[in-house]
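Starting from the given sequences, assemble the full structure and let the hints guide the process.
Chains as they are written, first to last, in my numbering: chain A, 328 to 734; chain B, 328 to 734.
Quick caveat, the hints were computed from the structure, so don't treat them as lab data. Take the hints with a grain of salt, since some may be wrong.
Repeated chains share a single entry, so a pair holds when one copy, or any two copies, can fit it.
To be verified - Straight-line Cα separation of at most 25 Å, SDA-like style, residue types lysine to any residue; simulated pairs:
| hint | residue 1 | residue 2 |
| --- | --- | --- |
| 1 | 381 | 341 |
| 2 | 622 | 649 |
| 3 | 539 | 713 |
| 4 | 443 | 546 |
| 5 | 708 | 593 |
| 6 | 507 | 358 |
Number of protein chains: 2
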Amino acid sequence: MKTEIISIGTELLLGEITNTNSAYLASQLPLLGLDLNFISTVGDNQYRLIETLKQAWQRSDIIITTGGLGPTQDDITREAVAELLGEEPMIDSTLVQKFEELFKYYKIEMPPSNIKQATVIPSAKIIQNPQGTAPGWWIERDNRVLITMPGPPREMQLMWTKEILPRLQQKVASSVIVSKTLKIFGLTEAEVDERASPFLSATNPTLATYAKTDGIYLRITAKTDSEDKAKELIAKREADIRAIFNDYIWGMDSDSLESIVGTLLTAKGLSLATMESYTGGLLASVITNVPGSSKYFRGGLVAYTDEARTAFGFDPQLISRYGTVSTEVVEAMATISREKLGTSIGVGLTGVMGPTETEGKPVGTIFVGLNDGQRRQSFAKNYPGNRLQVKQRAVTSALFELRRILL
Amino acid sequence: MKTEIISIGTELLLGEITNTNSAYLASQLPLLGLDLNFISTVGDNQYRLIETLKQAWQRSDIIITTGGLGPTQDDITREAVAELLGEEPMIDSTLVQKFEELFKYYKIEMPPSNIKQATVIPSAKIIQNPQGTAPGWWIERDNRVLITMPGPPREMQLMWTKEILPRLQQKVASSVIVSKTLKIFGLTEAEVDERASPFLSATNPTLATYAKTDGIYLRITAKTDSEDKAKELIAKREADIRAIFNDYIWGMDSDSLESIVGTLLTAKGLSLATMESYTGGLLASVITNVPGSSKYFRGGLVAYTDEARTAFGFDPQLISRYGTVSTEVVEAMATISREKLGTSIGVGLTGVMGPTETEGKPVGTIFVGLNDGQRRQSFAKNYPGNRLQVKQRAVTSALFELRRILL
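Quick look at the structure:
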């Protein structure tokens with residue numbers, strides 16, 4: 328079926344943000360067997376938006392819009408769609424009530440403009456927004472499907488996977504598509520690509536690589552006439568992939584390293600503390616992104632200067648002898664955090680985040696230290712990237728090593 | 328002048344690559360005073376490309392295409408433009424000679440298909456490609472300008488800056504567009520919209536709102552015939568906006584709250600420490616995202632459990648009396664971090680991140696404590712959102728209050 332995406336928002340025409348929504352949706356449509364013929368980007372201009380919608384309505388079977396669903400005067404998607412279809416927007420009292428409860432909960436008065444987000448036209452079904460207040464619309468009319476989704480990528484992607492994708496699958500897919508993602512850390516994307524190359528050109532299941540902040544993802548996708556068969560195809564390919572990558576695979580699908588580490592610590596009844604220097608507390612912050620992490624994570628120390636290191640009981644001689652970014656110091660950091668907070672395991676993390684080198688060590692050098700009361704271990708790595716990327720990689724690296732010793 | 332970008336290439340419709348060319352060109356056009364009305368993305372399909380070109384020719388004054396200029400059968404931009412204009416493509420012998428010399432230089436035989444890249448129509452001027460073999464076309468006809476550029480971003484950008492931009496500047500630049508962004512924290516997007524509404528419908532300068540993780544952005548954009556006049560228009564509107572939002576405005580353009588706080592601390596020669604509980608170290612991490620932050624930030628404590636609070640010298644009675652999420656405790660946290668690390672200022676940060684309420688306080692409740700040796704202060708707020716959003720807002724809130732007491 329001929330599919331078209333319309334991205335709505337003046338900010339997209341000013342080059343302030345790159346249109347990642349279109350690329351995301353474009354990558355999703357092949358899973359449904361839908362042919363994307365056009366992506367149109369149009370600003371918050373009612374006349375031009377309506378012209379664009381009319382054209383899409385003429386030439387496409389499925390039209391997906393993103394953006395223009397906010398509460399402000401700029402947000403005109405609802406009005407434009409109503410005009411396209413010659414339908415009258417009405418206020419949905421259930422939605423109004425929902426909004427009022429939400430605002431009441433946060434003890435904020437609901438601005439009158441928010442009512443806008445509760446309007447709906449007769450042929451539209453309301454699609455819940457799991458992440459924000461702007462609901463989407465699902466419209467079926469004249470053998471066409473028109474779907475409106477919000478513009479913020481997180482809201483859009485969550486609405487897509489939770490609400491839209493399953494509906495479209497039912498509507499258009501005569502075949503089933505099942506995917507599984509394996510997550511790899513410790514190899515570059517090019518290395519993963521090379522090792523997986525025998526399978527990258529296969530058509531069913533297909534295999535694709537994606538570089539993410541927590542490593543390289545390998546996605547296996549099978550398309551066939553039943554879910555069982557698809558799962559069987561995937562299981563076979565997964566075995567091939569696991570044979571190649573083995574220990575580099577740390578998780579799959581929605582796993583995060585911090586949740587895996589949390590599960591392992593909980594299962595073993597162990598507790599954890601951290602001491603960081605140049606990652607500035609990001610490791611502790613990521614660990615505590617997991618709900619319930621207080622069961623195993625007690626706390627952390629962030630020593631960003633010598634004064635702080637001294638205040639936390641660090642031997643100044645160690646620093647003057649080895650430098651702050653060294654095996655000896657990162658192991659001492661692990662030990663101090665463990666002793667200070669009385670935990671089973673202590674993790675130390677330091678490195679050179681940039682913009683310039685530190686103590687003769689290049690940007691991207693990182694050290695992870697671990698102490699579980701029996702062993703002191705440390706690992707040195709080097710990652711490319713800017714300050715924030717190196718910081719993120721350092722944290723991923725620490726969690727990866729922590730997982731390894733817990734297994 | 329009404330401008331339109333057409334991005335050509337099936338790979339853009341498969342989500343394999345994000346359309347960065349459009350975002351780049353979109354960011355360039357305001358410098359020329361050109362209004363971008365549409366971005367259209369279309370695959371390597373002759374019929375659909377010609378339809379898209381026809382529509383652009385009808386509705387726009389300046390049409391810029393990228394992609395489809397390679398030597399392969401897929402590359403159909405030249406043919407489609409020739410058909411749009413009803414002109415006959417001819418081989419340009421000077422170009423053929425140039426290609427032959429180039430291939431000779433690299434000691435490669437010229438593939439016959441390369442002749443394609445040497446075709447031109449009568450109304451097109453050939454634009455040199457400083458980076459590859461595909462030349463562009465510059466066409467002026469019927470009061471319109473049509474420009475074709477290659478798809479690879481490096482080739483396109485170099486051709487744009489070296490060849491196209493200077494020509495367009497000569498051709499069209501009778502006006503300039505200048506923007507300024509004011510950054511607001513402490514109000515919802517709807518509240519900002521409502522207060523700014525007298526100016527949201529104005530046309531020059533225009534005003535637009537954007538919701539970001541660190542607050543709401545208000546962008547003022549002026550279009551006039553000189554940069555000075557544009558800046559004057561912006562300055563006037565900025566004064567209107569500042570009169571309305573006053574203390575809620577914390578910065579502008581590329582400012583970040585953490586860099587503003589850093590600049591203030593450095594200017595006053597003050598040092599900083601933090602103690603966090605349920606934000607898990609995110610505040611310290613964000614503060615240290617600023618290069619050179621070790622000049623004022625010494626370190627931080629993350630107390631995620633009672634054991635950690637006790638280890639950091641916290642009075643257990645305080646917790647049992649007031650709870651971990653309270654004014655008294657957050658002020659004590661600020662004091663402890665300040666004393667422990669011997670800094671001028673200590674910041675405490677705690678709150679209920681979810682997924683469930685804590686000590687009878689709902690998800691989204693946050694407390695910021697500040698101690699500068701003279702005053703102990705604290706602020707309570709409530710934010711909507713999920714765990715990660717509340718955490719981010721709590722950090723923004725702490726930086727916002729810190730900025731306030733530093734001013």
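Taking the hints in turn, this is what the structure says about them:
1. 381 - 341: both (24 Å within a copy, 24 Å between copies)
2. 622 - 649: Classified as between: cross-chain Cα gap 22 Å, same-chain 35 Å, threshold 25 Å.
3. 539 - 713: The answer is both: 15 Å in one copy and 22 Å across copies each meet 25 Å.
4. 443 - 546: Classified as between; 22 Å across copies, 40 Å inside a copy.
5. 708 - 593: neither (28 Å within a copy, 33 Å between copies)
6. 507 - 358: Within one copy only: 13 Å inside, 42 Å across.
Consistency note: the structure conflicts with earlier hint 5 alone.
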